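J.: So the chains spell out like this:
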Amino acid sequence: MDTQNSAVYQVVSALLEDLPRERAQLLPALWRVAESEGYLSQDAMEAVSKILGVPSAEVFGVASFYSLFEGEEGRVPVYICTDVMCALQGAQNLKDAAEKSAVNRPIAVKESACLGQCDHAPAAWIGGKVLRRASPEEVKTAVTEVRHD
Amino acid sequence: MTEIRRLLPETGIMSGPTSVERLTERGFERAMARAMLMTPSDIIAEVSQSGIKGRGGAAFPTGLKWSMVSQAPGAQKYVVMNADESELGTFKDRVLLEQDPLGPLSGLVIAAHAVGARKAFCYIRGEYREVEQVLAAAIETLRRVGLVGPDTVEVEIRRGAGAYIAGEETALFNSIEGMRPEPRVKPPFPTNKGLWGSPTLIQNVETLANVAVLFAHDVEWFKAYGTKDTPGTKLVALSGHIHRPGVYEVPFGTPVADILNAPELGGSVAGTGRLGAVLLGGAAGTFLNAAEVQNTLLDYPSLSKVGASIGSGAMMVFDDTVDLTWVLTKMARFFAEESCGQCVPCRIGTRRILEIAESGNLWSRTQDLRELGQAMRDASICGLGQTAPLALLSALDRPELRHHD
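Chains as they are written, first to last, in my numbering: chain H, 1 to 149; chain P, 1 to 405.
In short, the hints are calculated from the structure, not lab data. On a predicted model such as this, the values are computed, not experimentally measured, just so you know. Ideal Cβ placement from N, Cα and C applies to all residues, glycine included. Misleading hints may appear alongside valid ones.
[To be verified] Pairs of lysine to any residue, SDA-like flavour, derived with a Cα cap of 20 Å:
| no. | chain 1 | residue 1 | chain 2 | residue 2 |
| --- | --- | --- | --- | --- |
| 1 | H | LYS110 | P | GLY162 |
| 2 | H | LYS129 | P | ARG159 |
| 3 | H | LYS110 | P | ALA336 |
| 4 | H | LYS100 | H | GLY90 |
| 5 | H | LYS110 | P | GLU338 |
| 6 | P | LYS330 | H | GLU111 |
| 7 | H | LYS129 | P | ALA137 |
| 8 | H | LYS129 | P | GLN133 |
| 9 | P | LYS330 | H | SER67 |
| 10 | P | LYS193 | H | ARG23 |
| 11 | P | LYS305 | P | ALA59 |
| 12 | P | LYS330 | H | THR82 |
| 13 | P | LYS119 | H | PRO28 |
| 14 | H | LYS129 | P | ARG129 |
| 15 | P | LYS119 | H | LEU19 |
| 16 | H | LYS129 | P | GLY162 |
| 17 | P | LYS119 | H | ARG23 |
| 18 | H | LYS50 | P | GLY178 |
| 19 | H | LYS129 | P | VAL134 |
| 20 | H | LYS50 | P | ARG180 |
| 21 | H | LYS129 | P | VAL95 |
[What the hints assert, rightly or not] If we take Cβ atoms under 10 Å as the criterion, some of the chain H residues that face chain P in the derived model are:
| no. | residue |
| --- | --- |
| 22 | LEU26 |
| 23 | LEU27 |
| 24 | ASP83 |
Input sequences plus hints: build the corresponding full structure.
T.: Right under this line is the structure:
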């Protein structure tokens, strides 16, 4: 890719403008890009690699380790906790509700390991907000309200 | 049996969790002022005398850890608050940070002063985004009153991104350094070589909160609760088939049955009302049967008699209808997915356990599972692989827990 001139490079470069150019900023850098763009594209990771001076294979190696960076282009992830405590309290119903309302929407329903909300099971994590003691209805509403611009 | 509130703020406290008033009201301002006037070695001596042990699960004596970091050679030192709480059934650090973030942060500031660190990190799991905002506001408050900053200690939040293993201390360092969060081989231990090879003090959120309340008072006050072996209080996280799920603070030595049944605490078993089992300490914890729950205290010597430990303080309650084979299979899948894969015993071992669980042979291939578990405990490089078989093995040791349809 002709990095320095590509649109993606410009976007990433602006996002990382005030970050020190060092390896230790890789995770914060990936977060900034993922939050702004909704996911980490190959080109965006190339740009991060160039800007921070970290080999692109290592940028990919780090990014691909983390499940919260598994977003895909044009599909916003929503998380339903299906771990033991939430499963005991009806997580499957939440997942079904989320999947139903995600049909024909740019949304990816993902199962999450323990979200640390077991005192409020079942829980979901949608649009950056935790839903506690969630009902299928609430999940449905939250999924339809997810921003995907 | 009443709940103690020391680490958790008193109910009805009026000041906001991140306000300057809270610092005064909870005594944290006093705690930090007192510690700043003490020499590092006096601080460490007081932490040692208090008998505080690490609350993340390993129960390592906190004062000893501080003195190791303090004495380790190196001009640059770091302190880290581990808020990457991701253990199954564990949510005490979340509640503590939501309700009283200035406590753990005050402990962090005192720790930095004691070991001579000018830079601190708070590593928090990415799923705790809302808690992270509370933490950031609390750090801002400390900055405003001059307790955090270039002249004292700089505190930076690092957000994880969904990797259970990143909570392992050396994996967490790699994560902060911008590497894959794979655990390092120990030794060297973090006290000597942690972040960027420098001596690093890493503590759980709750441990640091203990430090804050200790310095807000004194050793005698601190030891008024708890046992001789383990002074102080512990946060327990109750979930599952229990009437009052939540985080409660109890003295060490409290009967486990009281934690479940006292009206002010768990309020008794829900579901069918008949206790099947309690999984104590998270996915790497121990299953206790109903008789063991009746006969044990929340303390290390008492629990070690039944092969258990307190771990993170998670208590997952199952009534007598829950098929533990289902629970064990779910946990096996979790470990197989979260194994970082760099060492063979864990990468292959967690897979083999999952295969045996999914093929329905958990209770018939006990000898194979025990041998596999032993190999994982002996040869895995980090706590994940070493402890992944523990809950399973504890269930196999209690065949009465097997569910028969």
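J.: Now look at each hint and say whether the structure bears it out.
T.: Results of checking the hints against the structure:
The hinted pair formed by H/LYS110 and P/GLY162 meets the criterion: a straight-line CA distance of about 13 Å does not exceed 20 Å. The suggested pairing of H/LYS129 with P/ARG159 holds, with an alpha-carbon distance near 16 Å, which does not exceed 20 Å. At most 20 Å may separate the alpha-carbon atoms for a hinted pair to count; H/LYS110 and P/ALA336 meet this at roughly 18 Å. About 16 Å separates the Cα atoms of H/LYS100 and H/GLY90, which keeps this hinted pair within 20 Å; it holds.
Between H/LYS110 and P/GLU338 the CA atoms are separated by roughly 16 Å; this keeps the pair inside 20 Å, and the hint holds. With a C-alpha separation of about 13 Å, the suggested pair P/LYS330 and H/GLU111 falls inside the 20 Å cut-off, and the hint holds. Our distance criterion of 20 Å between C-alpha atoms is met by H/LYS129 and P/ALA137, whose separation comes to about 18 Å. With a C-alpha separation of about 12 Å, the suggested pairing of H/LYS129 with P/GLN133 holds against the 20 Å cut-off.
About 18 Å separates the Cα atoms of P/LYS330 and H/SER67, which keeps this hinted pair within 20 Å; it holds. Between P/LYS193 and H/ARG23 the alpha-carbon distance is near 19 Å, which keeps this suggested pair within the 20 Å criterion. Between the alpha carbons of P/LYS305 and P/ALA59 the distance comes to roughly 17 Å, so the proposed pair stays at or under 20 Å and holds. For a cut-off of 20 Å, the pair hint linking P/LYS330 to H/THR82 stands: about 10 Å separates their Cα positions.
For the given pair, P/LYS119 sits about 17 Å from H/PRO28 by alpha-carbon distance, which is consistent with the 20 Å threshold. A threshold of 20 Å between alpha carbons decides the hint, and for H/LYS129 with P/ARG129 the separation of about 8 Å falls inside it, so the pair holds. Proposed proximity of P/LYS119 and H/LEU19 is supported: the alpha carbons are some 18 Å apart, at most 20 Å. The suggested pairing of H/LYS129 with P/GLY162 holds, with an alpha-carbon distance near 16 Å, which does not exceed 20 Å.
Between the alpha carbons of P/LYS119 and H/ARG23 the distance comes to roughly 17 Å, so the proposed pair stays at or under 20 Å and holds. For the hint linking H/LYS50 to P/GLY178, the alpha-carbon distance of about 15 Å falls within 20 Å, and the restraint holds. A distance of roughly 14 Å separates the Cα atoms of H/LYS129 and P/VAL134; the hinted pair therefore holds under the 20 Å criterion. Taking the CA atoms of H/LYS50 and P/ARG180, the gap is near 18 Å; set against the 20 Å cutoff, the hint holds.
For the hint pairing H/LYS129 with P/VAL95, the CA-to-CA distance comes to about 16 Å; that is within 20 Å, so the pair holds. Annotation: interface hint on H/LEU26 holds; nearest CB of chain P at approximately 3 Å, less than 10 Å. Interface hint at H/LEU27: satisfied, since its Cβ lies 6 Å from the closest Cβ of chain P, which is below the 10 Å cut-off. A hinted interface residue such as H/ASP83 counts as satisfied when its beta carbon comes closer than 10 Å to some beta carbon of chain P; here the least separation is about 6 Å, so the hint holds.
In this structure, every one of the numbered hints holds.
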